[in-house]
Amino acid sequence: MDYPETSGVAASGEYLTFTLGQEEYGIDILKVQEIRGYDTVTKIANAPPFIKGVINLRGVIVPIVDLRIKFNLGNLSYDQFTVVIILNIGKRVMGIVVDGVSDVIQLSADNLRPAPEFGSILDTRYILGLGTVEERMIIVVDIERLMTSQEMSLVESAAD
Amino acid sequence: MSIDMSQFYQVFFEETSEHLASMESLLLNLDVDQPSLEDLNAVFRAAHSIKGGSGTFGFNDMAEVTHVLESLLDRLRKQELALKAEMVDAFLVAGDVLRAQLEHHQGGPDADGDAIAGICARLKQLASGEAAPPPAAVEIAKSVETVVPAAVRRIRLECGLSAKIANVPESVDNLLEALRDVAAVEIKHRPDGQDARLDIVLTTQVDDADLKDALAFYSAPEDISIRPEPEDQGYGFFDDLPAEPAAVDESYGFFVDIPEPASASTSGSQDDAGFGLFDDAPGAPSAEPPQVAPGDSPAAIEGVGYGIYVDAPGGLGLFDDAPGAEFALKSSAPEPFSGKAAAILEAAAKAEAVGRRLADNPTIETAKSGRRDNDKTVSAANTDTSIRVAVEKVDQLINLVGELVITQAMLAEAAGNLDPVLAERILAGIELLSRNTRDMQESVMSIRMLPMSMVFSRFPRVVRDLAGKLNKQVEMKTIGDNTELDKGLIEKITDPMTHLVRNSLDHGIETPEQRIAAGKNPKGTLTLKASHQGGNVVIEVIDDGGGLNRARILEKAKEKGLPVNDGMSDYEVWQLIFAPGFSTADVVTDVSGRGVGMDVVKRNIEGMGGRVELESSPGFGTRTVIRLPLTLAILDGMSVGVGGETFIVPITTVIESLQPRLEDVRTLAGDSRMVHIRGEYLPFISLAEAFGLEGVEDITKGLLVVVEAEEGKAALFVDELLGQQQVVIKSLEANYRKVPGLSGATIMGDGRVAMIIDVSAVTRMGLSQSKRRLAA
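Chains as they are written, first to last, in my numbering: chain A, -5 to 154; chain Z, 1177 to 1952.
All the pointers check out, no bait thrown in.
Listed below are the simulated DSS-like cross-link pairs for lysine-lysine, each with C-alpha atoms no more than 27 Å apart in a straight line: (1) 1569/Z - 85/A; (2) 85/A - 1914/Z; (3) 25/A - 64/A; (4) 37/A - 1877/Z; (5) 1734/Z - 1778/Z; (6) 1705/Z - 1663/Z; (7) 1645/Z - 1705/Z; (8) 1736/Z - 1889/Z; (9) 1705/Z - 1653/Z; (10) 37/A - 25/A; (11) 1668/Z - 1778/Z; (12) 1914/Z - 37/A; (13) 1260/Z - 1699/Z; (14) 1705/Z - 1778/Z; (15) 1778/Z - 1914/Z; (16) 1736/Z - 1778/Z; (17) 25/A - 1914/Z; (18) 1914/Z - 64/A.
If you are wondering where the hints come from, they were derived from the structure by calculation, not from laboratory data.
Work the whole structure out from these sequences, hints included.
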């Protein structure tokens, strides 16, 4: 697969921030199609636990990934406040479950610092950098690379 | 600009394919002994349209072939030649050549040059066959729009003109002028009041038919005699063709008279002229003729040229204030096709207008010409009853309507909780909405539906050619041509059908001798039948041949080491011929017998979600039955509930559902479960287990769905049956990935997603699961 070269420090742009537990994450707003509430999903057989299943998004079958399970964060309740961010990655549509959507922020390249290497669940390969806005730290994620990665097993070729 | 051109090309390609197809079907239906003039004319028109189009777009090779084809057709429809079977064959071959050329222009492989030359020669020879004088006919010239200029020849042309023309010197001038556009003219006798015969020597490249077309308004074709003229020393060749400027009459409008309006021959020649007008004989003079009563003074007839002068020099200004009206058309030699369609419409419109104006004038009869042009306009309008739309647009529409249906279902469900008394109006509205959406869905789905005649129509030709090759007499019948099928399926069904038809002809239907010996009609019958049965389309290929030979099939199967025994049912024996590489034919012909075939047929049809079955009885024939779903996108499914989720089992795979008794379910080797159903032991597969769900544990509380897959039969254990419905297949791979055991997903009426079970895969999974468990 051909990924755009996004490693290192991302160019400035607008980012949608959302929370997972106590952490705040940012993703490129151009990848976001819409934000909606959590609806009943249809389970997929033999899928990893963080893949909640698929939903019917206006006739399109869209897989839903619960990032809270994937990153082991947040409280795993599903209610009317649970938020799903529908992403448009390449030609695919997929949804991620997060604790809440907070803001759209502008981050310039100067505001982004490279993330230190940790043995964390979220590999630094998927982190574009750490941004600081009003004393908040925002983990800017390369959502495209993350969602198409092998460990997400959302995409056929990566999974094999 | 280049994009624009290619757009037009596409239209031309499509139209030409249609013309070729209609030409072929007309030819196949033609009764050689008594050809219907109407059909011949229709074939001619098709050929002519192809010629016109290919000339316009510069596909000169096609124009060349069609021109030769058209010349012969023209003679046939004028009944100068009698139709012969070999001509029909030649026409069909010519159609094939044109199709090959068309494909070549569409980026396909090169058309076979030898075939093209061969068919042209054959057509020319056929055209020259009887009436034409041999020396002239051999060198029938190609028309000017072909790339290679044809040989110049000298001919003597004599024709009788009607008195109306002969009496008016201007008319004669116009006639001569018209000829001078295409030929050098040497006048032997100029018609006048006493002798209406025109006798001239022409030096020209144009062939006889086109000359006659050019003269169509002046004289009936049978009154025209054309024969080769020996070289005249005094004149020699005229190199610069539209010659003799001295003779040019100022009036470019043609003063024309329809000769003998009542006679049948005249109507024929009028027809010619109609065609010739815009695109046939290059430079052929032709005119839309408001009739002028005899005895009118020349001044009264002189009028403004209303026609389309493509390059008439100064013709228009001369008569601007002349009284009366004249409607004339002139197509110019260098650009015979330019603005063809526009010219036709414009001319028709103008002719109508002129006709109306002239109608008030008692000295001028216009009714006839006016009506003719009206006819033309009407026929042009008739061809516009369909529009071409990209399939994606239709598919998008289908998707959207699908969404609408789901939304409507959700609304209806939500409204179900309302108090019927208080919410009477909203409930009535929702009821209406549901009816409208249903109607809308049906009509949108029908856009993709095409009649089976699209498939059937290609077989008369296949059958004809094959029967000829195999020396068999076969009559083909089709039933249910109007049965509609999804476009995608129509495209995919053609190949398997061709295979079955070829098989029937090669192996099924016997030779006439064998048939007579068996006391049957020497002419075999092949029937193609299509019908709707429930949610399926059933297509049958039926022959009244010898039937399948059970003993031979069993023998062959044993040779190939297939598991067979003599006690197998007929149905099972017939299924053997679908095995890969299976052929009972002794001789491999180029038609069939290589043993690649029936297995491919079966695979193709199963790939479409269909089934194929055979029925045969020795001596009476074979019937192949193909069952297909109505569309590729829709599946007839049985919805079952497992652990709170809904799954769809394709109904084509379902044999029966039953409630198992505890004692029917046995274990094999302590683990693998089998279920005993009417003497058969089938693998017992729990869907809940296969998909990791928590389903009903108690066997007596659940249900068994017996399915048949490639691997054989299996019993799927489910919690409950929910119903049977048609579902729209949605891909899981589009946004996710392939999931083992599932062939896709669908959206149910309540908006939820349900998975569609891949029965073969589940059966395999179930089997391997028990093996795994055994190993663990």
